[in-house]
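Model the placement of chain E on the given structure of chain S, informed by the hints.
Here the protein sequences come in this chain order: S and E.
Just so we're aligned, residue 180 is where the first sequence starts under our numbering, counting upward by one.
Just so we're aligned, residue 180 is where the second sequence starts under our numbering, counting upward by one.
Errors might be hidden in some of the hints.
Since copy identity is lost for identical chains, a pair holds within one copy or between any two.
Stated by the list, open to error - Listed below are the simulated SDA-like cross-link pairs for lysine to any residue, each with C-alpha atoms no more than 25 Å apart in a straight line: (1) K258 - E676; (2) K258 - S689; (3) K436 - H329; (4) K258 - T675; (5) K386 - F559.
Because the hints were derived from the structure by calculation, they are not lab data.
Residues per chain are reported as follows:
2 protein chains.
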Amino acid sequence: MAARTIVVVGGALAGPTAAARARELDDHARIVLVERNVRVSYAVGALAYHLSGEVAAIDALDREDRGFFEAFYRVEVQKETEAIALDPAARTVTLRRRGPSGSFKDESLAWDALIYAPGAETIRPPEVAGDNVRPLRTVGDLEAISAALHGGARRFLVLGGGSFGLEAADGLLRGGAEVTLVERGHTLLPRFGDHVSAAVLRALSAKADVRLGVTAVSSEARDGRATEARDGRVHRVILSDGTTVDTDWVVLATGVKPRTSLLAAAGVRLHEGGSAAIDDRARTSAPGIFACGSCVAVESALTGQPVWWPQAAIADKTAQVAGANAAGADERLFPFTGSMLVRVLDLAVGRTGASWEEARATFGDVARTLVHARSNDPFFPGAAPIALELIWSRADGRVLGVEAVGAGVDKRIDAAAAAIAARMTIEQLARLDLGYSPPYAAARDPLNVVATAASAERAGLGRSITAREVRAGTYVLLDVGTERAPLPGARHIPITELRDRLGELDRDASIVVCSGSGRHGWLAVRILAQHGFSDVHNLAGGVSSLELTS
Amino acid sequence: MAARTIVVVGGALAGPTAAARARELDDHARIVLVERNVRVSYAVGALAYHLSGEVAAIDALDREDRGFFEAFYRVEVQKETEAIALDPAARTVTLRRRGPSGSFKDESLAWDALIYAPGAETIRPPEVAGDNVRPLRTVGDLEAISAALHGGARRFLVLGGGSFGLEAADGLLRGGAEVTLVERGHTLLPRFGDHVSAAVLRALSAKADVRLGVTAVSSEARDGRATEARDGRVHRVILSDGTTVDTDWVVLATGVKPRTSLLAAAGVRLHEGGSAAIDDRARTSAPGIFACGSCVAVESALTGQPVWWPQAAIADKTAQVAGANAAGADERLFPFTGSMLVRVLDLAVGRTGASWEEARATFGDVARTLVHARSNDPFFPGAAPIALELIWSRADGRVLGVEAVGAGVDKRIDAAAAAIAARMTIEQLARLDLGYSPPYAAARDPLNVVATAASAERAGLGRSITAREVRAGTYVLLDVGTERAPLPGARHIPITELRDRLGELDRDASIVVCSGSGRHGWLAVRILAQHGFSDVHNLAGGVSSLELTS
Numbered sequence: 180m181a182a183r184t185i186v187v188v189g190g191a192l193a194g195p196t197a198a199a200r201a202r203e204l205d206d207h208a209r210i211v212l213v214e215r216n217v218r219v220s221y222a223v224g225a226l227a228y229h230l231s232g233e234v235a236a237i238d239a240l241d242r243e244d245r246g247f248f249e250a251f252y253r254v255e256v257q258k259e260t261e262a263i264a265l266d267p268a269a270r271t272v273t274l275r276r277r278g279p280s281g282s283f284k285d286e287s288l289a290w291d292a293l294i295y296a297p298g299a300e301t302i303r304p305p306e307v308a309g310d311n312v313r314p315l316r317t318v319g320d321l322e323a324i325s326a327a328l329h330g331g332a333r334r335f336l337v338l339g340g341g342s343f344g345l346e347a348a349d350g351l352l353r354g355g356a357e358v359t360l361v362e363r364g365h366t367l368l369p370r371f372g373d374h375v376s377a378a379v380l381r382a383l384s385a386k387a388d389v390r391l392g393v394t395a396v397s398s399e400a401r402d403g404r405a406t407e408a409r410d411g412r413v414h415r416v417i418l419s420d421g422t423t424v425d426t427d428w429v430v431l432a433t434g435v436k437p438r439t440s441l442l443a444a445a446g447v448r449l450h451e452g453g454s455a456a457i458d459d460r461a462r463t464s465a466p467g468i469f470a471c472g473s474c475v476a477v478e479s480a481l482t483g484q485p486v487w488w489p490q491a492a493i494a495d496k497t498a499q500v501a502g503a504n505a506a507g508a509d510e511r512l513f514p515f516t517g518s519m520l521v522r523v524l525d526l527a528v529g530r531t532g533a534s535w536e537e538a539r540a541t542f543g544d545v546a547r548t549l550v551h552a553r554s555n556d557p558f559f560p561g562a563a564p565i566a567l568e569l570i571w572s573r574a575d576g577r578v579l580g581v582e583a584v585g586a587g588v589d590k591r592i593d594a595a596a597a598a599i600a601a602r603m604t605i606e607q608l609a610r611l612d613l614g615y616s617p618p619y620a621a622a623r624d625p626l627n628v629v630a631t632a633a634s635a636e637r638a639g640l641g642r643s644i645t646a647r648e649v650r651a652g653t654y655v656l657l658d659v660g661t662e663r664a665p666l667p668g669a670r671h672i673p674i675t676e677l678r679d680r681l682g683e684l685d686r687d688a689s690i691v692v693c694s695g696s697g698r699h700g701w702l703a704v705r706i707l708a709q710h711g712f713s714d715v716h717n718l719a720g721g722v723s724s725l726e727l728t729s
Numbered sequence: 180m181a182a183r184t185i186v187v188v189g190g191a192l193a194g195p196t197a198a199a200r201a202r203e204l205d206d207h208a209r210i211v212l213v214e215r216n217v218r219v220s221y222a223v224g225a226l227a228y229h230l231s232g233e234v235a236a237i238d239a240l241d242r243e244d245r246g247f248f249e250a251f252y253r254v255e256v257q258k259e260t261e262a263i264a265l266d267p268a269a270r271t272v273t274l275r276r277r278g279p280s281g282s283f284k285d286e287s288l289a290w291d292a293l294i295y296a297p298g299a300e301t302i303r304p305p306e307v308a309g310d311n312v313r314p315l316r317t318v319g320d321l322e323a324i325s326a327a328l329h330g331g332a333r334r335f336l337v338l339g340g341g342s343f344g345l346e347a348a349d350g351l352l353r354g355g356a357e358v359t360l361v362e363r364g365h366t367l368l369p370r371f372g373d374h375v376s377a378a379v380l381r382a383l384s385a386k387a388d389v390r391l392g393v394t395a396v397s398s399e400a401r402d403g404r405a406t407e408a409r410d411g412r413v414h415r416v417i418l419s420d421g422t423t424v425d426t427d428w429v430v431l432a433t434g435v436k437p438r439t440s441l442l443a444a445a446g447v448r449l450h451e452g453g454s455a456a457i458d459d460r461a462r463t464s465a466p467g468i469f470a471c472g473s474c475v476a477v478e479s480a481l482t483g484q485p486v487w488w489p490q491a492a493i494a495d496k497t498a499q500v501a502g503a504n505a506a507g508a509d510e511r512l513f514p515f516t517g518s519m520l521v522r523v524l525d526l527a528v529g530r531t532g533a534s535w536e537e538a539r540a541t542f543g544d545v546a547r548t549l550v551h552a553r554s555n556d557p558f559f560p561g562a563a564p565i566a567l568e569l570i571w572s573r574a575d576g577r578v579l580g581v582e583a584v585g586a587g588v589d590k591r592i593d594a595a596a597a598a599i600a601a602r603m604t605i606e607q608l609a610r611l612d613l614g615y616s617p618p619y620a621a622a623r624d625p626l627n628v629v630a631t632a633a634s635a636e637r638a639g640l641g642r643s644i645t646a647r648e649v650r651a652g653t654y655v656l657l658d659v660g661t662e663r664a665p666l667p668g669a670r671h672i673p674i675t676e677l678r679d680r681l682g683e684l685d686r687d688a689s690i691v692v693c694s695g696s697g698r699h700g701w702l703a704v705r706i707l708a709q710h711g712f713s714d715v716h717n718l719a720g721g722v723s724s725l726e727l728t729s
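With the rest of the complex left out, here is chain S:
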């Protein structure tokens, strides 16, 4: 049999991963990697860490260059080359190589297998366009923004408050910039719940000018002219509330869309929204064409349905399977949980599984439980707060989602991702023996704590209530704290005196118990429930939840 030709369309993370994996499987194949830009292999999610100064050299983000792939993997790398057409029936791809001064050369290349991995692209708002307006998606973007930052630009406007916008803002702030962040929604990190979003907002607002609930409606160049025609540099951005932001640079984090126009033109099946449809072998609807990376939808471990989560950890997994199978293997994907981590200044933020809205839409009778705990054994020096919210099914106790903010977030998100992928229940998670050692965790890990609280609620031992629900209703607030100043507006009976002072409370009132972290509040709920109080709730996450989201 003649050696097969495998063409990989797209560099960055997925394409090079797939090419390397294909080579491991087939040392005889001709493997061609095509990338539009100059840089072949880098992680989109890593770019902000050069702006921050933490990764000093851009080359450190791009160590596996063309020479590396040729020397180690014998992969032919065609840089500055764009795939412009795909013919599934003829099994060819048309490549356009850009030359100096706008010249180009087209070439048709036949393949036995093609791996499509061009990723996602930023949705550019037409209202804000100019030479100093860029997303942060490629090393070229990074070079331009970094040159500006080190060349005297001070004021940076980040459009978008999702994870990419926050990473860009974090990198710019660490790099010494003045940052304004504009988000159209009313919270940062829209997929996260109130608590995490509020914590991030508080942290970021201390260092940056954060504008929520507004969009950019137009922009002006230095001379006051509109810049829509890309004929200048944006100097001022006008927002939908009439306010303006004067800025030296604009970083676009306004959302991305899958880059699948070639597949669409070739009649390959896409999902609504444009992501590529693949099966669990990373095969598209066209024989011989595999797809991977941030342009494909994958199966959700929550719903079994295809979801488009443009995240590097998922891109890596789909790329491995696409690469191996393009070279003749028969590997499988498994459903994904959508884990993500974001660092925002001193906060780590993470989530995995379904968001609250997704869980409600899909599973109906769901609940959420929030606790505050410590990242390691509380007596250990450096034990820092972590807030964990667990989203779970009342019907079968299944763990549906976990969100976290604080210290040690990455660890809990990973363990939760495994639990969710494996369809664990809250009762099982409550009893899981996670690793204990004082420098790393308490004997009852925060994940156990939140699952224990959820299990107790599922068993009917008590109910918790969110800060938002408290503010929306009419409740008697009962602060049972022993060491804090009492919460303003609340009745204050320390937990240590509660049993002796039950007569001071109305047994028919709707009572919300507040304590520092929620732990003693839970005990108070249990005491009241056993002494004839019928409508008692524990404030989820304790008083800091009220303060944070007020």
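Here is chain E on its own, set in the frame of chain S:
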């Protein structure tokens, strides 16, 4: 119905946890907590962190004292009181309260439910006994050893190289002591595999005098007399190899046994070895008697069989279930994975699931895969090495155990514990989307990496070999590194030249490929396998495995 009486036997971690949980369920019960010592609530595993100086005040380890339990939980705490007899038929327990100058008073207490949680006790070697010989199991032990350390004692002999011995040695070394550690086995941390044990040995040997494969056979007081009769202070310990250790203090970490004599005397069922037999509701064979903590065996998630793992994370879980059920609930335990973490100087060490020997004994056809990786994205500052070993079943791909040493160990052990508890396969673990963000992890987490390597081996794409197996056999070592000095005694063909220099190698030879971390070794194995070489192995974990275990 009259209020029930619940008696909890044993303080430290499990008893207080069970008492608090019982109170949450039943606010009307009389709950009595009985503890032999002065201190009621502390974690045995936390004591070494006062010796190290990290936890400055002993009281920080014992914040929930008798007053706390009485005020918050209305639990009657009887300190310095020992349960000396149990009558399951009459539902009574005899308590002995020690008074001043050796006096005592016995009292019989009737219970509706009894929670038995006295923990485990150190097996004391009769050959080494004296006033300066103690385990580190109670706050009293800690006070004595700490007083010695701060009172001028310099030389400490730790007997036992398991996790407790290593934690004690770590604490003493950080506290400024000179430490000799004696372990009867030929490795430290006997449940761990070669690689982790060797890494710990190397780290500890740089700071302490470590003696392996020997035991203490006798001891002498300062005047040269034998000290067996506890009539003095041990000054010199004589080892089985004829060498001696002069010391100021001896810390016993010579293993523990479950403290179940009361149950045995009362006819309650025990397992071989003396651990208490409980069902998944934490019930013993005697109606009304529950047991929890370090004296009970629990169900292994690996085998379904009862195992005795005296670990705090497990003690906590059994205590919660025992406490709730003693108060009338119907909660369940789930099988345990036996996760553990140990900090030894700058190393974090962890394991979960079956050890290699356990896996072989139970599952027969098992394999292990070792990789070296980085704790977070390799380009990120502070990315530090982690070695991960995965133990898996060749029959069904099930993940059986994970061991780790290095940075970020706690995170991978927790995710692996969830994967093992949920019976995940190596193929699923390879594709699990763990959280990605450069400060916390790469897009392909080290757990993915080791599971990917194992999956490739299971798919027949190549074989790995351990450093021990390499030394026991006759192999041609082929170093394919590109940036290191070649391994002494190995053929050296850089991976970048391998395809062009295949003619220099004998296709019938038994070849072991070595690379820095094992990654390029794997690629070389794939190249050779596809070019007519039939007996090729990859050195698991790369050249550092050979260096570490030599």
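query = Honestly, which of those hints from before does the structure not fit?
reply = 2 and 3
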